[in-house]
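*Asks:* Those sequence lines, one after another, are chains A and B. If you use my numbering, the first sequence corresponds to residues 9 to 600, in order. If you use my numbering, the second sequence corresponds to residues 9 to 600, in order.
Take these hints with a grain of salt, some might be off.
Computed list of lysine-lysine pairs in DSSO-like fashion (alpha-carbon distance at most 27 Å, straight line) [claimed, not checked]: (1) A:307 - A:329; (2) A:133 - B:519; (3) B:347 - B:287; (4) B:252 - A:108; (5) B:133 - A:524; (6) B:108 - A:252; (7) B:301 - B:347; (8) B:35 - A:505; (9) A:35 - B:108; (10) B:287 - B:146.
Honestly, the hints are just simulated from the structure, not real lab data.
Number of protein chains: 2
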Amino acid sequence: MLRTHTCGELRLSDINKQVTLSGWVQKSRDLGGMTFIDLRDRYGITQLAFNEDVDKDMNAQARSVSREFVIQVTGTVIERESKNKNNPTGEIEILVKEFKILNESVTPPFTIEDNTDGGDELRMKYRYLDLRRNEVRKNLELRHRMAIETRNYLDQLNFLEVETPVLIKSTPEGARDFVVPSRMNEGQFYALPQSPQTFKQLLMVGGFDRYYQIVKCFRDEDLRADRQPEFTQIDCEMSFVEQKDILDTFEGLVRHLFKAVKNIDMPNVPHMTYADAMKFYGNDKPDTRFEMKFVEMNKVVAGKNFKVFDEAELVVAICAKSAAEYTRKQLDELTEWVKRPQIGATGLVYARHNADGTIKSSVDKFYTEEDLKAWSVACGSQPGDLILVLAGSEEKTRKAMSELRLEMGTRLGLRDKTTFSALWVIDFPLLEWNDGDPNLLASLAGRWHAKHHPFTSPNPADFELLKTNPGAVRANAYDLVINGVEVGGGSIRIHNKELQAQMFDLLGFTKEEAQKQFGFLMNAFEFGAPPHGGLAFGFDRLCSLFGGSDSIRDFIAFPKNNSGRDVMIDSPSEISDEQLKELNILSTVEAK
Amino acid sequence: MLRTHTCGELRLSDINKQVTLSGWVQKSRDLGGMTFIDLRDRYGITQLAFNEDVDKDMNAQARSVSREFVIQVTGTVIERESKNKNNPTGEIEILVKEFKILNESVTPPFTIEDNTDGGDELRMKYRYLDLRRNEVRKNLELRHRMAIETRNYLDQLNFLEVETPVLIKSTPEGARDFVVPSRMNEGQFYALPQSPQTFKQLLMVGGFDRYYQIVKCFRDEDLRADRQPEFTQIDCEMSFVEQKDILDTFEGLVRHLFKAVKNIDMPNVPHMTYADAMKFYGNDKPDTRFEMKFVEMNKVVAGKNFKVFDEAELVVAICAKSAAEYTRKQLDELTEWVKRPQIGATGLVYARHNADGTIKSSVDKFYTEEDLKAWSVACGSQPGDLILVLAGSEEKTRKAMSELRLEMGTRLGLRDKTTFSALWVIDFPLLEWNDGDPNLLASLAGRWHAKHHPFTSPNPADFELLKTNPGAVRANAYDLVINGVEVGGGSIRIHNKELQAQMFDLLGFTKEEAQKQFGFLMNAFEFGAPPHGGLAFGFDRLCSLFGGSDSIRDFIAFPKNNSGRDVMIDSPSEISDEQLKELNILSTVEAK
Chain A
9 MLRTHTCGEL RLSDINKQVT LSGWVQKSRD LGGMTFIDLR DRYGITQLAF NEDVDKDMNA
69 QARSVSREFV IQVTGTVIER ESKNKNNPTG EIEILVKEFK ILNESVTPPF TIEDNTDGGD
129 ELRMKYRYLD LRRNEVRKNL ELRHRMAIET RNYLDQLNFL EVETPVLIKS TPEGARDFVV
189 PSRMNEGQFY ALPQSPQTFK QLLMVGGFDR YYQIVKCFRD EDLRADRQPE FTQIDCEMSF
249 VEQKDILDTF EGLVRHLFKA VKNIDMPNVP HMTYADAMKF YGNDKPDTRF EMKFVEMNKV
309 VAGKNFKVFD EAELVVAICA KSAAEYTRKQ LDELTEWVKR PQIGATGLVY ARHNADGTIK
369 SSVDKFYTEE DLKAWSVACG SQPGDLILVL AGSEEKTRKA MSELRLEMGT RLGLRDKTTF
429 SALWVIDFPL LEWNDGDPNL LASLAGRWHA KHHPFTSPNP ADFELLKTNP GAVRANAYDL
489 VINGVEVGGG SIRIHNKELQ AQMFDLLGFT KEEAQKQFGF LMNAFEFGAP PHGGLAFGFD
549 RLCSLFGGSD SIRDFIAFPK NNSGRDVMID SPSEISDEQL KELNILSTVE AK
Chain B
9 MLRTHTCGEL RLSDINKQVT LSGWVQKSRD LGGMTFIDLR DRYGITQLAF NEDVDKDMNA
69 QARSVSREFV IQVTGTVIER ESKNKNNPTG EIEILVKEFK ILNESVTPPF TIEDNTDGGD
129 ELRMKYRYLD LRRNEVRKNL ELRHRMAIET RNYLDQLNFL EVETPVLIKS TPEGARDFVV
189 PSRMNEGQFY ALPQSPQTFK QLLMVGGFDR YYQIVKCFRD EDLRADRQPE FTQIDCEMSF
249 VEQKDILDTF EGLVRHLFKA VKNIDMPNVP HMTYADAMKF YGNDKPDTRF EMKFVEMNKV
309 VAGKNFKVFD EAELVVAICA KSAAEYTRKQ LDELTEWVKR PQIGATGLVY ARHNADGTIK
369 SSVDKFYTEE DLKAWSVACG SQPGDLILVL AGSEEKTRKA MSELRLEMGT RLGLRDKTTF
429 SALWVIDFPL LEWNDGDPNL LASLAGRWHA KHHPFTSPNP ADFELLKTNP GAVRANAYDL
489 VINGVEVGGG SIRIHNKELQ AQMFDLLGFT KEEAQKQFGF LMNAFEFGAP PHGGLAFGFD
549 RLCSLFGGSD SIRDFIAFPK NNSGRDVMID SPSEISDEQL KELNILSTVE AK
């Protein structure tokens with residue numbers, strides 16, 4: 009080893025030891041006869057001292073090194089005169105006797121500090137330098153710890169980690185596949201898995217009983233800020249279970265992670281139906297760190313000649329606690345905020361429940377104080393609270409109110425990143441109508457689409473509706489939501505061949521298409537498939553949630569940008585004609 | 009849960025418990041008034057008893073189920089009259105009170121037994137049924153255990169598991185890449201990684217210090233029996249290390265795995281140079297479970313007018329202990345064996361060192377008994393041993409003798425799969441001349457090729473030879489060989505930009521090509537790259553070695569066949585014109 013110790017481990021108890029350290033120059037200070045260098049590695053920072061009286065040449069050498077040079081020193085651990093209590097090694101320093109430059113560094117394009125001066129793009133291009141920063145490294149250390157703890161928890165419950173293949177078959181009914189031309193099978197393509205869904209089900213058919221895998225998955229989507237073309241799942245499946253067993257098992261996993269990684273005792277996770285989540289939060293992944301539930305006001309506000317309310321499909325209110333003191337300016341600004349196209353409301357009505365008990369609204373022309381008392385009763389407002397009301401078409405208004413609720417939660421400081429509130433959302437709809445989802449192939453528009461995936465079991469109570477009213481069928485599916493983030497989801501699967509065939513039929517597959525794409529699974533169901541179900545956590549997202557960040561990118565060592573590019577390695581890139589020819593494909597894009 | 013216990017856990021101490029079990033019907037026996045079913049799950053087999061006197065209908069139902077039906081039963085644990093000591097649950101059975109068929113099964117295409125009647129191809133097509141067999145499941149349980157133990161060992165040594173990207177950039181200087189057309193970056197392609205080599209080096213540049221990953225890698229090779237287009241590596245890298253540190257660390261990992269998984273105390277692993285491995289075993293991955301080293305005989309056999317020997321570039325012998333009693337017929341057969349095209353020898357000379365001390369050879373016409381005594385001394389033969397000699401051109405003869413040595417090892421029972429002998433092979437050549445390797449692009453023929461990869465550091469003692477005699481330069485590279493199988497390999501890397509540029513130049517890259525393909529790495533080396541090195545284990549192979557199998561396929565849940573096809577899901581397959589169009593590619597193969 010080019011060191012005897014790391015830069016994070018020496019203490020007062022090591023005084024007088026001869027040690028060798030290697031690392032990067034964080035900074036150096038030249039005090040004439042003495043030069044001090046802060047030497048950094050993954051484990052910490054140790055101060056090096058060079059004394060001109062001891063070795064003049066070496067002191068001169070030490071003065072010559074710049075930030076990010078890689079050096080190796082040997083010397084004696086001594087007690088520091090001016091101790092730094094903020095650094096675990098801050099009570100000692102190394103009096104250097106031997107000194108070697110292991111590698112030089114040109115000036116980095118941004119400072120390697122907690123508060124760097126580098127912008128996003130620059131830091132992505134030089135990701136290997138960004139990785140030297142504490143914050144980035146800590147995120148990836150957290151990720152490592154989460155993975156280890158996940159595996160150990162599941163291992164103890166007899167889950168087997170099984171690697172499923174990455175080169176599989178294209179099944180374009182879901183999101184778009186990434187495909188891989190096969191050289192040995194001319195004219196044919198592999199696809200990269202969007203999830204190991206069918207393989208984990210086959211493992212259940214194969215009697216594996218309990219499976220998991222921390223696994224890369226791939227989706228060729230038009231990327232949003234917080235999506236990546238390749239992402240990681242904690243993918244799980246169990247046999248001989250019902251919904252409750254899965255929820256209990258994986259609630260246990262999440263509770264274990266909170267305890268092991270963050271020393272947080274998480275309470276039991278409540279269950280909420282999809283219908284209730286939409287009704288009370290306008291959202292299938294409500295942030296339950298705070299209440300501020302929706303109150304439907306149509307009846308309360310009706311008949312006062314206020315057309316906006318009277319003609320609205322939905323009038324919905326929230327009660328923002330202790331916000332009655334919002335100024336007119338703040339309320340005007342909030343009104344502008346809800347009218348932004350991303351939110352889409354046409355206006356905002358408010359009623360201040362003042363500290364003195366009076367209630368004043370922005371629509372006093374139509375509503376007497378007596379009327380407003382009825383509002384207050386409906387919303388449960390107390391003196392000091394602010395009632396906010398939106399009205400309009402049902403779906404749009406719920407969505408806008410959901411955004412407003414989250415915004416008010418943020419403004420009122422109710423969304424602390426170190427507080428965690430988890431929720432199981434259950435009873436999702438089985439199907440949704442595809443009006444032309446841009447993330448699906450155009451040929452799939454105008455059909456039912458599986459909200460979860462085509463292997464999700466309908467709720468047995470709704471079997472009859474499959475034929476008469478498919479849109480009303482509930483799925484035996486569930487999502488785990490923490491702080492308004494969907495961190496995982498899954499379902500009880502279909503294990504019956506006929507029901508699976510019926511499902512494919514409903515999704516607009518011909519018998520031939522279903523057989524061609526999923527024949528292997530339907531065949532497998534002929535040989536004694538056990539009842540089974542499972543779920544998958546978005547591992548990147550789970551890590552970012554634990555790390556208190558909104559961006560999964562911060563928790564991925566080498567993420568891609570919004571165009572799916574790795575700007576560091578400059579990928580994707582053109583490939584040679586020789587490669588294309590061997591793969592039996594032509595590019596239809598003119599070479600630049 | 010659809011069970012209270014698994015089929016492997018009930019014992020005499022559970023007598024009288026009411027239990028519910030679920031599983032597959034392994035077999036059933038109808039004894040008139042009683043029916044017995046062996047119920048199987050991943051954890052074991054439990055006998056179910058149905059008594060006609062207790063419930064006639066249920067007994068009839070039980071008689072109706074066939075092999076591989078999935079059933080659920082509830083009943084009482086009772087002591088068995090005729091105990092089965094070979095089964096951990098063999099002292100009890102379940103007297104069934106409730107019975108439910110969870111799923112039916114048609115007759116499987118092969119029997120789900122340890123000794124199945126299913127051929128390879130059939131079992132691959134119905135892999136989900138093959139997975140139900142003990143042997144296949146145990147292999148994958150072993151793999152799971154190996155992965156867990158690997159992670160825990162490395163975690164304790166401060167290694168961080170970091171996920172590197174799967175969608176990267178094509179660098180066609182190695183084996184062929186699988187590529188992935190990018191829809192969002194028209195005309196451009198990602199490539200799947202042949203290994204995370206450059207990324208792990210960037211992690212070292214990024215100060216991660218110790219990295220590992222159990223990771224899928226991809227190589228578009230013409231497949232041999234024991235290769236897969238996607239395979240798994242334990243990929244590792246360390247900073248501030250020299251060769252010895254890496255060998256010690258990963259010898260420790262292998263020793264830990266042997267202890268934890270197989271309860272074997274592995275002795276220290278000896279080191280052998282590549283040159284010695286070739287000299288003594290004709291092979292860079294010698295099987296050291298047995299000696300039988302090569303003895304070069306040119307001088308010993310010279311000058312006796314035996315032209316075959318006198319004119320041979322190499323005359324080489326091995327001494328097969330206690331094989332003097334091989335019959336003439338056996339020796340003739342062995343002679344035919346070495347003359348097969350795969351071995352390529354032109355003939356075989358032997359000398360029996362008989363029990364009575366006399367020595368008789370197949371070339372007595374040329375060699376007196378006195379001459380043969382010199383053979384015996386050279387080879388260290390004892391009475392009862394058999395000396396086998398091959399002659400011809402150096403390279404071909406070494407290769408043939410290596411095969412013969414392994415064959416004799418097998419025939420003499422020296423290659424027991426439960427015995428393990430490990431070896432570090434070091435000082436590999438840095439380069440090899442590419443005469444037209446079919447696994448490389450044709451355009452790379454007639455150039456030097458990196459034996460390990462282009463990032464491997466030359467042995468500093470040989471720096472000068474880089475310019476004068478590149479073929480003689482030794483690499484700072486090493487392989488771990490166990491029982492003649494290369495289970496891992498790695499190197500100390502280049503961390504200096506100029507040396508890396510020199511290496512690319514040597515490999516025939518223009519400056520522009522090197523910059524285009526690996527500019528990101530060379531740039532990174534400008535910013536203080538630490539000295540670093542690492543290695544990767546072939547995880548599939550390591551598992552198969554631990555499991556005592558010659559085939560990695562047995563240790564992969566869903567392997568591909570020799571044409572790179574998954575015959576179960578029937579992949580690769582054609583994709584739709586809509587997909588091709590979106591990806592801006594055309595297939596040059598006519599649709600069938």
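*Asks:* CA of residue 307 of chain A to CA of residue 329 of chain A, is that 27 Å or under?
*Replies:* Judged against 27 Å, a Cα distance of about 23 Å means the pair holds.
*Asks:* For residue 252 of chain B and residue 108 of chain A, compute the direct alpha-carbon distance and say whether it is at most 27 Å.
*Replies:* Judged against 27 Å, a Cα distance of about 21 Å means the pair holds.
*Asks:* Take a quick look at whether residue 133 of chain A and residue 519 of chain B sit within 27 Å of each other, Cα to Cα.
*Replies:* 21 Å, holds
*Asks:* For the pair supplied as a hint, residue 347 of chain B and residue 287 of chain B, is the alpha-carbon distance within the 27 Å limit?
*Replies:* Since the Cα atoms of residue 347 of chain B and residue 287 of chain B sit roughly 22 Å apart, the hinted pair holds (cutoff 27 Å).
*Asks:* Would the pair residue 301 of chain B and residue 347 of chain B pass a check requiring their Cα atoms to be no farther apart than 27 Å?
*Replies:* 21 Å, holds
*Asks:* Between the alpha carbons of residue 35 of chain A and residue 108 of chain B, is the straight-line distance 27 Å or under?
*Replies:* Given pair residue 35 of chain A, residue 108 of chain B is violated - Cα atoms ~73 Å apart, limit 27 Å.
*Asks:* With a cut-off of 27 Å on the C-alpha distance, tell me whether residue 133 of chain B and residue 524 of chain A pass.
*Replies:* At roughly 15 Å apart (the allowed maximum being 27 Å), residue 524 of chain A and residue 133 of chain B satisfy the hint.
*Asks:* Hinted pair, alpha-carbon criterion (27 Å max): residue 35 of chain B, residue 505 of chain A. Please report holds or violated.
*Replies:* 24 Å, holds
*Asks:* Does residue 287 of chain B pair with residue 146 of chain B here, judged by a C-alpha cut-off of 27 Å?
*Replies:* Between residue 287 of chain B and residue 146 of chain B the Cα gap is close to 39 Å, so the pair fails against 27 Å, i.e. violated.
*Asks:* What's the verdict on residue 108 of chain B and residue 252 of chain A, does the C-alpha distance respect the 27 Å limit or exceed it?
*Replies:* Holds, because 21 Å separates the two Cα atoms, which is no more than 27 Å.
The structure fails to meet hints 9, 10 from the earlier list, while all remaining hints are met.
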